[in-house]
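Peer 1: The residues making up each chain are set out below.
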Amino acid sequence: MDKLLTLWYGSGLYNLGLGQVVMIVIGLLLLYLAIHKKFEPLLLVPIGFGGILANIPEAGLALSALDQAIEVARPAVLQELAAVMQVSLAGSDVEAWRTTLYGAAHDGLPPELVRAATDIAKGAGYSNGMLYQFYSVAIASGVAPLVIFMGVGAMTDFGPLLANPRTLFLGAAAQFGIFATLMGAVGLTALGVMDFSLNQAAAIGIIGGADGPTSIYVSSILAPELLGAIAVAAYAYMALVPLIQPPIMRALTSEKERAIAMSQLRPVSKLEKIVFPLVLLVLVALFLPDAAPLLGMFCFGNLMRECGVVERLSDTAQNALINIVTIFLGLSVGSKLVASQFLAVETLGIMGLGVVAFAIGTAAGILMAKLLNAVSKVPINPLIGSAGVSAVPMAARVSNKVGLEANPHNFLLMHAMGPNVAGVIGSAVAAGVMIKYLG
Amino acid sequence: MDKLLTLWYGSGLYNLGLGQVVMIVIGLLLLYLAIHKKFEPLLLVPIGFGGILANIPEAGLALSALDQAIEVARPAVLQELAAVMQVSLAGSDVEAWRTTLYGAAHDGLPPELVRAATDIAKGAGYSNGMLYQFYSVAIASGVAPLVIFMGVGAMTDFGPLLANPRTLFLGAAAQFGIFATLMGAVGLTALGVMDFSLNQAAAIGIIGGADGPTSIYVSSILAPELLGAIAVAAYAYMALVPLIQPPIMRALTSEKERAIAMSQLRPVSKLEKIVFPLVLLVLVALFLPDAAPLLGMFCFGNLMRECGVVERLSDTAQNALINIVTIFLGLSVGSKLVASQFLAVETLGIMGLGVVAFAIGTAAGILMAKLLNAVSKVPINPLIGSAGVSAVPMAARVSNKVGLEANPHNFLLMHAMGPNVAGVIGSAVAAGVMIKYLG
Amino acid sequence: MDKLLTLWYGSGLYNLGLGQVVMIVIGLLLLYLAIHKKFEPLLLVPIGFGGILANIPEAGLALSALDQAIEVARPAVLQELAAVMQVSLAGSDVEAWRTTLYGAAHDGLPPELVRAATDIAKGAGYSNGMLYQFYSVAIASGVAPLVIFMGVGAMTDFGPLLANPRTLFLGAAAQFGIFATLMGAVGLTALGVMDFSLNQAAAIGIIGGADGPTSIYVSSILAPELLGAIAVAAYAYMALVPLIQPPIMRALTSEKERAIAMSQLRPVSKLEKIVFPLVLLVLVALFLPDAAPLLGMFCFGNLMRECGVVERLSDTAQNALINIVTIFLGLSVGSKLVASQFLAVETLGIMGLGVVAFAIGTAAGILMAKLLNAVSKVPINPLIGSAGVSAVPMAARVSNKVGLEANPHNFLLMHAMGPNVAGVIGSAVAAGVMIKYLG
Amino acid sequence: MLDTELLQEGLALMGFGMGFVFVFLTLLVIATTLMSRVVDRLVPAPEPKAPAAAPARQDDEELLAVLSAAVHRYRQRHRR
Amino acid sequence: MLDTELLQEGLALMGFGMGFVFVFLTLLVIATTLMSRVVDRLVPAPEPKAPAAAPARQDDEELLAVLSAAVHRYRQRHRR
Amino acid sequence: MLDTELLQEGLALMGFGMGFVFVFLTLLVIATTLMSRVVDRLVPAPEPKAPAAAPARQDDEELLAVLSAAVHRYRQRHRR
Ligand code: NA
Ligand code: NA
Ligand code: NA
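Respectively, the protein sequence lines represent chains F, L, P, X, V and Y. For the first sequence, our numbering begins at 1 and goes up steadily by one. For the second sequence, our numbering begins at 1001 and goes up steadily by one. For the third sequence, our numbering begins at 2001 and goes up steadily by one. For the fourth sequence, our numbering begins at 3001 and goes up steadily by one. For the fifth sequence, our numbering begins at 4001 and goes up steadily by one. For the sixth sequence, our numbering begins at 5001 and goes up steadily by one.
Chain F with its partners taken away, still in its complex shape:
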């Protein structure tokens, strides 16, 4: 009978909190969007599933051994923890003890005391949750987003950009979405609506870069507590690019501008493609060392692709390796979808700011294209400006589609790939600036 009660007290149903129910429903919703609506399924399937796993009551899959002990251990263990953490537990309300210990553990506890407390937690039989381990290895170390960026580099063709380097300006302009969103987050805080620090505002802004791995990398450094919401927003809005962008594109351009035909791209030699990642790398080394991990791995992937002598490495970077890392990255992001962190008004703010970021980035890209068109002799269709937000290759396809509506013989896809990949570089540079000032 005793044991039956243990089973019941340890069951999910008995311990289920409302927050966990909501988060599990959100996880299922993400899976629905990923599977049925095809919203970036490669990331949102693992993220959604990881989110469900992270909210299974009592399982503690997303918790460290210490947090797990604080959350469920017997009072005697809590007292031991309090002793080594040099915290005093007032009263006899065990739940209050847990709150006190949790606060102490997450508010600047010196590392040697964390180690000692973790020793006690492990000695009492608690261990790091599976998702917590994935998060530590994949994201906290910074490795997984970088390896994915390497794979993205190995899948990127810089040919269209090299044929028309001016499109880099479009990729630069679209990053205005990032900084406008940062100001939005700061403004909401100044108005007292939300409460974001500058670091958090910067991490939120990067959503406007429309680059999953960059967003995850930056927020793992500047605001890990918001990583879940930021990653979900980044990937969800990337999937919504075909809905968000066209109205803005039509509003800012005339029918005649949309019908502008662009001259065919010149052929780009193999050697140019090999040298380009090295040129980019050297510029990064000279002017923005803080972007070196992101852009370095990106350039490395691209060099492997183009150099033609390491095909087996390039293949692996584009397939087995990026797939393996994607699985664990997704589950790790999911581990940040725990109710206590995700179900805050800040998440709504992030979601709202995220869509604004995409919209502003789109608009800035188009306006910059119109400006280039005004000052340059070679005609440029302003629709390719929106591709500067990156979201490769979706945004370029949107440019192409909206262009075909205005002029059924005008194929903009290859032209839009230039700003599209420029946008990847642009947001990595913006990320580097953020990390330099705030990291």
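You may find that some hints are simply not true.
Said to hold, decoys possible - Here are the simulated lysine to aspartate or glutamate pairs, EDC-like style, with alpha carbons at most 16 Å apart:
id: 1; chain 1: F; residue 1: 273; chain 2: V; residue 2: 4040
id: 2; chain 1: P; residue 1: 2273; chain 2: Y; residue 2: 5040
id: 3; chain 1: L; residue 1: 1038; chain 2: P; residue 2: 2225
id: 4; chain 1: F; residue 1: 270; chain 2: V; residue 2: 4040
id: 5; chain 1: F; residue 1: 401; chain 2: F; residue 2: 257
id: 6; chain 1: L; residue 1: 1270; chain 2: L; residue 2: 1311
id: 7; chain 1: P; residue 1: 2270; chain 2: Y; residue 2: 5040
id: 8; chain 1: F; residue 1: 256; chain 2: F; residue 2: 405
id: 9; chain 1: P; residue 1: 2038; chain 2: F; residue 2: 311
Claimed, not checked - Some chain F residues judged to face chain P by a derived CB distance under 10 Å, without partners named:
id: 10; residue: 29
id: 11; residue: 33
id: 12; residue: 37
id: 13; residue: 106
id: 14; residue: 108
id: 15; residue: 261
id: 16; residue: 262
id: 17; residue: 278
id: 18; residue: 308
id: 19; residue: 312
id: 20; residue: 404
id: 21; residue: 406
Unchecked claim - Computed footprint of chain X on chain L; a stretch qualifies when at least three of its residues, placed anywhere within it, have a C-beta under 8 Å from a C-beta of chain X:
id: 22; segment: 1269-1278
id: 23; segment: 1420-1430
Treat the hints as calculated values from the structure; they're not laboratory data. This one's a predicted model, so the numbers in the text were calculated from it and none came from an experiment. Glycine included, C-beta positions come from ideal geometry on N, C-alpha and C.
Fit chains L, P, X, V and Y with the ligands to the given chain F structure using the hints.
Peer 2: Below, chains L, P, X, V and Y with the ligands without anything else, positioned relative to chain F:
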């Protein structure tokens, strides 16, 4: 001359113990079974090879830096170790010192002292053995069995089970083998024949689940000291399923029962297959959080397989990733085949209990099928009950083969796949119960 | 304005040292050799790129958190570090403080103080550089070279060697290059030209083994500070084998000897190929346990290849796994190409000794073949002796090519594969002896 | 722990464990059956569409068999 | 940090950040253009060689299409 | 360590090392030869079975060559 002697004193031949010879022969035997008899070669080749590596004298491939130092370091280093481990070394017999230190290091030495002693061992030039590192990363963390379970999920088709959900009862019944074996281990201890703790008995019982990764996962938590013997028993008996099961199946069924034809399975829709892993996940979350890592990863793999939008992830989970993890899992299990741990009378007990577990599970599955047949209108061939032990897909093939002997037109394979995959779920649930009570 | 200055003071251009410029140029040169000249591109592309990344000023990609803090942190942080490291900082020259701290951190600081100092560095916002992390996981642990050796084993066909086991003597003789080079390094030190310790001399000698992973493995144990130069020398000279070997081969053989026709190799049975890696493993276990990690993994890979029952594991070891590990191994080696370590006169010494090592190994192999020819009745073409340095399969191709010049109907390729793979075993044995005495 | 205690513990664990496995899998049978019904109502099972696709061209099948073999040999040869 | 301070910090970061992105990408435009010119001078862009390769045999293309489909089906079938 | 000491150490290591490599590989030659003999006695080497398999159909080989090329091009195109 001095150096020549060093070479000789450090050679394997000089230091070879009888136990190591026996274990190397056992490793070769496992390789023979795996290669020539095709006994689960994917696991037994790495396990057998790892077992040989682990028993190479003086190489210490399966030892931590500290154990390695305790085993071979100079007396001065041993005295340093004793000082930080707060152990006193009596007498002048260096071998006795080693025994004392080994005992202290493995009997609840506080983690900070372990760290300090390890510092000394590393400072004296010893490092963690290769297999020890593999074991730490792959098994002690719990990750490798879980990733393999994800891959197994990605390879599992729940169609036959969904077409006939009653077969889940067969998968439940066959788990009786697990608990009966647990009682067997407990009984042998009560009789004084063996000396198993309850945790060890539970880990041994899981052999009856006929699921390699589940066995390894459970024993890494409940009884790591028995992991080698348990894994070898689990995989060896899985390979022996075609020998162990048929006599039991024939003994418990009549010719007429064995000839029962089953109606064709209804087609199962894609959507059912997508939703099923989520239903299972929610039930696990509500009722048995302790099975969440195992069944969560299993369901995740299956969802990737069925959802149809992440084929590249599913492919990788079924191929590159599971293969990589299998190599390291196998070698890591091999690291537990060191003579001092494996060559104990307990190993014989485990081997004996393992075959009993399979036999009882088989019998329970068949009897449950006969029961279902008695109470249900839809006929069910009792031979598919034996497939409930899992050992996918071997047990289902055995059901089919024995069925064909009785009725050459009756193909039971697809029908037996239902209980077969149900058995995987059943043993993971049993594993969760064990971990809940004893973990 | 303040921020603009920060940006400028933190830019690469402002902080660029001459050494870093030189190293970046060397990195570009390695890429040129790898891509344009096809010098072992699978390794030299990642190594060259990693070398550039490691020398990006201010990025600290190759540094630990502690080194990074010592190099760039504010004076207040330096004082904290000095306190826990129990070092006194004299004067007020901050650069001198950094030198003092760097010296203390790298000269036998007790591990507990390293931990405490690292805690402070991390608390001040510094973290382990990306390449430093890759190096720790891939090379410092010893795992990456071993996994690559496993893959090489899975790609090696011992058929030609088994058909003609005498060729093992050629593989043995060619290792004289290793030991002669060791003596060369010791001699240069005795002459006062260079300053190598015995450990360093041994690590340099292994270059003569013409085996990348063996070189990296040995120098990661015996002389990690020289690893960058040794790995670059090893791979560069392997690529130069077609230039280095032919003159030596022609000088040491007569036209008549080069034209010797060899009898066709007998067919080798599958079983022999399966048993051979086990025979080798047992010999290693009995006589040289220190070579067990290297040769154990090599034999394991080969057994997976030949046993015929684990094709999916063998495939993965030869493709996805070895490719993944190669990427990270290459980048990790690159992390050792930092200016302060690489730009020393010792590197020139290593480069010079490396080419000597190849030349002596080649000569020793050929002379041994001539000796065998003199004492044996079965004719042996001395040109296959040079293949004993390994550099699989390049050296065997060189033997074939030089042989064809002398006798256009004499195909030596398969005959040269015997000494070629024997050379792999030979250098691993030599590596084991080095580690045994000096490790 | 005395031997009888151990036996009792073992018996209790066997009872609870086996019981729980059955309860859980019974719940799964119920949930699965319900789920299948709901799915079937929402998205009626499609007719087996095999007939439409399969007989497209018999030749194709034969070609495919030849190709499969060829590809297989091609792969085996190039793998090592 | 006071709210106005935060706003100022945000504005400053926006200005610097956006400015830096433009400066950096402008440098990249310049460097890329220069690089392309140097490369073009060193290694004159080869004539598009497509015409030589493509029309080799039209049949080949058709065969390839059939093969591609066959290989694709083969792979899908054998994947699981 | 004095220089002469270092030289002596180096010489000793060279002697021991080279000697050990030879002794070990000699043992391996012996063991391999013995192994081959034992294996040959246990399992007599099978006749080369190539003749049975190879000439099955010459056409096949040609088809295979075409297929290989096609598959190769298919793969290259679809890889990126
Ligand atoms: Na972007
Ligand atoms: Na089972
Ligand atoms: Na060699």
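Peer 1: With reference to the structure, classify each hint as holding or not holding.
Peer 2: Hints, verified against the model:
1. 273/F <-> 4040/V: Answer holds: residue 273/F to residue 4040/V is near 12 Å, not above 16 Å.
2. 2273/P <-> 5040/Y: Since the Cα atoms of residue 2273/P and residue 5040/Y sit roughly 12 Å apart, the hinted pair holds (cutoff 16 Å).
3. 1038/L <-> 2225/P: Not OK: residue 1038/L and residue 2225/P at ~47 Å, beyond 16 Å, violated.
4. 270/F <-> 4040/V: holds, 11 Å
5. 401/F <-> 257/F: Holds: residue 401/F and residue 257/F sit about 15 Å apart, inside 16 Å.
6. 1270/L <-> 1311/L: Distance ~15 Å between residue 1270/L and residue 1311/L Cα, so the pair holds.
7. 2270/P <-> 5040/Y: holds, 11 Å
8. 256/F <-> 405/F: Holds - the C-alpha atoms of residue 405/F and residue 256/F are around 12 Å apart, at most 16 Å.
9. 2038/P <-> 311/F: Between residue 2038/P and residue 311/F the Cα gap is close to 13 Å, so the pair holds against 16 Å.
10. 29: violated, 34 Å
11. 33: Violated: closest Cβ of chain P sits about 31 Å from residue 33/F, beyond 10 Å.
12. 37: The hint is violated - residue 37/F has no Cβ within 10 Å of chain P, the shortest such distance being about 32 Å.
13. 106: Hint on residue 106/F: violated, closest Cβ of chain P at ~15 Å, above 10 Å.
14. 108: holds, 9 Å
15. 261: violated, 38 Å
16. 262: violated, 33 Å
17. 278: holds, 7 Å
18. 308: holds, 8 Å
19. 312: holds, 5 Å
20. 404: violated, 39 Å
21. 406: Result: violated, 42 Å to nearest chain P Cβ.
22. 1269-1278: Contact hint for the segment 1269-1278 of chain L vs chain X: holds, 5 residues under 8 Å.
23. 1420-1430: holds (count 5)
Checked against the numbered hints given earlier, the structure breaks hints 3, 10, 11, 12, 13, 15, 16, 20, 21 and satisfies all the rest.
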